[in-house]
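Engineer: Input sequences plus hints: build the corresponding full structure.
2 protein chains.
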Amino acid sequence: MTLREQSADLPATSALEHVLLTPGPTPIHPEAMKALTRVMLGHMDPEVFKMNSAIQHDLRVMYGTEPEAFTALLAGTGSLGMEAGFANLVEKGDDILVCTNGSFGRRMAEMAARYGANVRLVTAPLGEAINPADVAAHLDGVQMVAVVHGETSTGVLNPVPEIAEIVRHSGALLTVDAVTTAGMEPFYMQDWEVDYAYTGAQKCLSAPPGLAPIAVSERAFARYAARKTPTPLWYCDFEGLRDYWIEHTYHHTIPVNLHFAFEAALRAALEEGLPNRQQRVRQMGRAIVTSLAPLGFSHYVKREQDRLPTVLALRLPEGFDDAGVRAELRKREISVTGGLGPTAGVIWRLGLMGESARPAPYRALMMALEDILGADGLMRRYEAALEAQGL
Amino acid sequence: MTLREQSADLPATSALEHVLLTPGPTPIHPEAMKALTRVMLGHMDPEVFKMNSAIQHDLRVMYGTEPEAFTALLAGTGSLGMEAGFANLVEKGDDILVCTNGSFGRRMAEMAARYGANVRLVTAPLGEAINPADVAAHLDGVQMVAVVHGETSTGVLNPVPEIAEIVRHSGALLTVDAVTTAGMEPFYMQDWEVDYAYTGAQKCLSAPPGLAPIAVSERAFARYAARKTPTPLWYCDFEGLRDYWIEHTYHHTIPVNLHFAFEAALRAALEEGLPNRQQRVRQMGRAIVTSLAPLGFSHYVKREQDRLPTVLALRLPEGFDDAGVRAELRKREISVTGGLGPTAGVIWRLGLMGESARPAPYRALMMALEDILGADGLMRRYEAALEAQGL
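Quick note, the sequences are listed as chains C and U, same order. Here the working numbering is used: the first residue of the first sequence is 47, the next is one more, and so on. Here the working numbering is used: the first residue of the second sequence is 47, the next is one more, and so on.
Because the hints were derived from the structure by calculation, they are not lab data. Remember, it's a predicted structure, so these values are computed and weren't measured experimentally. Some hints here could point you the wrong way.
The list makes no distinction among identical chains, and a pair is therefore deemed to hold if it is satisfied within one copy or across any two copies.
Quick list of in silico lysine-lysine cross-link-like pairs, DSSO-like style, CA-CA up to 30 Å [stated by the list, open to error]: (1) Lys377 - Lys80; (2) Lys80 - Lys96; (3) Lys96 - Lys377; (4) Lys377 - Lys348; (5) Lys274 - Lys138; (6) Lys80 - Lys348; (7) Lys96 - Lys138.
Structural biologist: This is how it looks when you write it as structure tokens:
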């Protein structure tokens with residue numbers, strides 16, 4: 047096959063619209079999309095450093111950090127944010143307590159182990175939140191506690207404020223995966239005394255994927271500075287990042303276009319206001335559940351306070367053809383994500399982050415489902431539910 | 047300062063054009079820029095997997111690999127490509143020979159050491175290429191040899207084919223930094239028996255920064271598979287990458303927009319033809335040197351065969367105001383890069399990679415220099431030199 051033929055065979059540009067309802071990536075914010083093609087500058091350009099400083103400032107606001115916390119964008123996706131925390135803050139032989147009630151908690155445990163930690167696990171059944179009392183019971187002698195705030199794999203919100211309250215008195219560092227929460231859910235790094243947090247640009251901020259915004263407390267930076275051995279991970283070494291972001295010396299090439307887009311998306315989020323965004327995601331969640339409940343969809347997560355507003359995990363109706371319906375949706379340029387591992391075929395995980403937590407993209411879903419399932423009245427119900435929520 | 051005021055203060059979008067003559071990033075290829083804003087898809091979408099397969103195919107062509115070599119894009123910049131090689135192919139206690147005749151060779155040595163290697167160095171004076179005989183002299187018992195093909199920091203091309211010929215008989219793996227060469231300089235991974243190579247998307251392909259294209263020989267993959275301990279670097283673990291790129295199971299979120307752009311840029315490069323690109327960069331280099339020589343600029347690298355065509359290192363004329371002239375250029379939206387460390391103030395490093403190796407961007411430079419330096423006739427000389435080169 048020649049290159050030309052291959053090219054003709056590639057349909058990746060065929061659709062003019064695509065409705066992304068996945069738990070990430072999200073539809074890109076229009077301002078971010080515009081910024082993506084700004085005139086290209088080098089990573090050492092004074093205007094780029096100025097933009098980076100503005101991003102650092104806005105990240106402190108988003109994460110609710112102390113004024114001197116170090117914030118930055120890693121040149122990679124959310125998992126690199128996770129990795130950078132363990133790489134910089136764990137030394138061989140450290141005891142690390144990891145809360146695992148889903149795929150991303152398990153990923154944390156695996157990474158911590160790879161960097162030489164003795165990993166202790168606190169678990170909870172799938173679909174249930176971590177019990178803070180379990181953390182308290184295993185805290186003795188631990189150097190770090192790690193927890194996923196919003197467990198994307200099951201739609202569970204872990205009680206980070208309560209866990210933080212317990213960890214605070216122990217002297218351990220607290221690492222929080224804020225991938226599906228920061229920018230859309232309450233997150234108060236300074237008040238809670240979180241030491242390291244990260245997310246992915248493509249989640250609650252609806253920027254393009256490829257950047258991991260991180261925040262490091264002063265305490266965590268001091269712990270890093272006291273390391274006995276350098277971290278293996280040169281690419282995300284806190285010192286190298288600080289050299290670039292603060293001292294403006296070369297470390298590695300940053301993805302400038304993604305920075306342009308990220309800056310625009312984060313600015314838009316702060317201008318909308320974090321409380322308004324928290325309200326929007328809740329209103330959208332209620333409208334969706336109200337609309338789909340008569341078809342037999344129900345909350346997968348039993349306890350209301352354990353439900354992650356930004357990833358709506360819905361148990362599918364009895365006998366529902368998960369794969370078949372999602373394939374039909376994909377033909378209509380709508381992406382919906384099912385369960386992972388044990389919840390495959392059991393749930394859908396509907397993304398309500400950033401630009402997906404809007405009436406329009408879910409209108410496309412409801413319209414398609416009404417047709418595919420022959421669910422008369424679904425659209426009418428959705429419009430009424432939106433109105434009831436003031437949307 | 048309010049967010050609004052900060053925003054008004056940010057000039058990053060002010061210019062409508064900017065001429066990037068740095069040794070990376072390069073001006074983005076127009077097809078790549080267009081692709082960057084394609085309709086967004088998820089990282090598990092069938093169309094994305096199809097695109098990724100086409101990228102893998104085209105990368106095999108670009109690197110000149112064996113048919114079964116594993117190719118992929120890492121979600122990070124070139125330095126992550128460097129790091130992934132050492133992370134996956136080095137185990138604690140391995141003896142690694144690193145060729146260091148500039149900043150990027152030294153970076154390789156530092157990374158190898160962080161992953162526990164015993165590092166031996168083969169060096170050469172700045173501005174000179176590594177002598178293959180020095181590699182031969184230190185090869186005994188070594189598990190891997192690492193060399194930078196084009197040393198961006200000094201504009202030196204290291205003799206990779208000759209080094210490869212020596213390493214081939216030793217059983218050691220050969221890692222080559224192809225950051226300023228692959229896609230624009232001859233690179234024959236299979237013929238030379240290179241085991242691991244990487245570059246950055248923003249270099250010779252003029253795609254946006256944020257991706258590191260890698261190629262792994264079957265022999266290197268087998269060495270990886272025989273590791274006694276897992277690599278610390280989960281994010282770039284070859285197994286995890288293969289799961290995603292070949293088996294299509296989730297590993298981490300990829301930067302889909304950057305993949306769109308990269309695919310278009312690589313396709314454009316292969317359609318232009320690698321030999322044509324190699325010719326273009328040489329013609330441009332000669333035209334630039336012919337034009338600037340009468341002003342006192344001269345090759346920093348003495349021996350012709352040691353000169354890296356894609357990064358033209360020019361010694362500045364006696365008494366030349368490096369910082370002042372570059373600041374003047376920057377005011378006119380032209381970015382030129384000086385030396386690094388010991389060559390700061392001594393050289394300029396003019397990028398001739400991808401879209402910067404074209405008459406138009408250097409026309410902007412010549413016009414500005416004629417004005418800033420009062421160098422009458424420079425533009426006329428440049429046009430004549432282009433014509434002489436058939437450009």
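Engineer: Now tell me, hint by hint, if it's right for this structure.
Structural biologist: Going through the hints against the structure:
no.	hint	verdict
1	Lys377 - Lys80	both (27 Å within a copy, 25 Å between copies)
2	Lys80 - Lys96	both (19 Å within a copy, 26 Å between copies)
3	Lys96 - Lys377	between (44 Å within a copy, 16 Å between copies)
4	Lys377 - Lys348	neither (32 Å within a copy, 61 Å between copies)
5	Lys274 - Lys138	both (10 Å within a copy, 17 Å between copies)
6	Lys80 - Lys348	neither (41 Å within a copy, 46 Å between copies)
7	Lys96 - Lys138	neither (38 Å within a copy, 41 Å between copies)
Hint check: violations occur at hints 4, 6 and 7; the rest are consistent with the structure.
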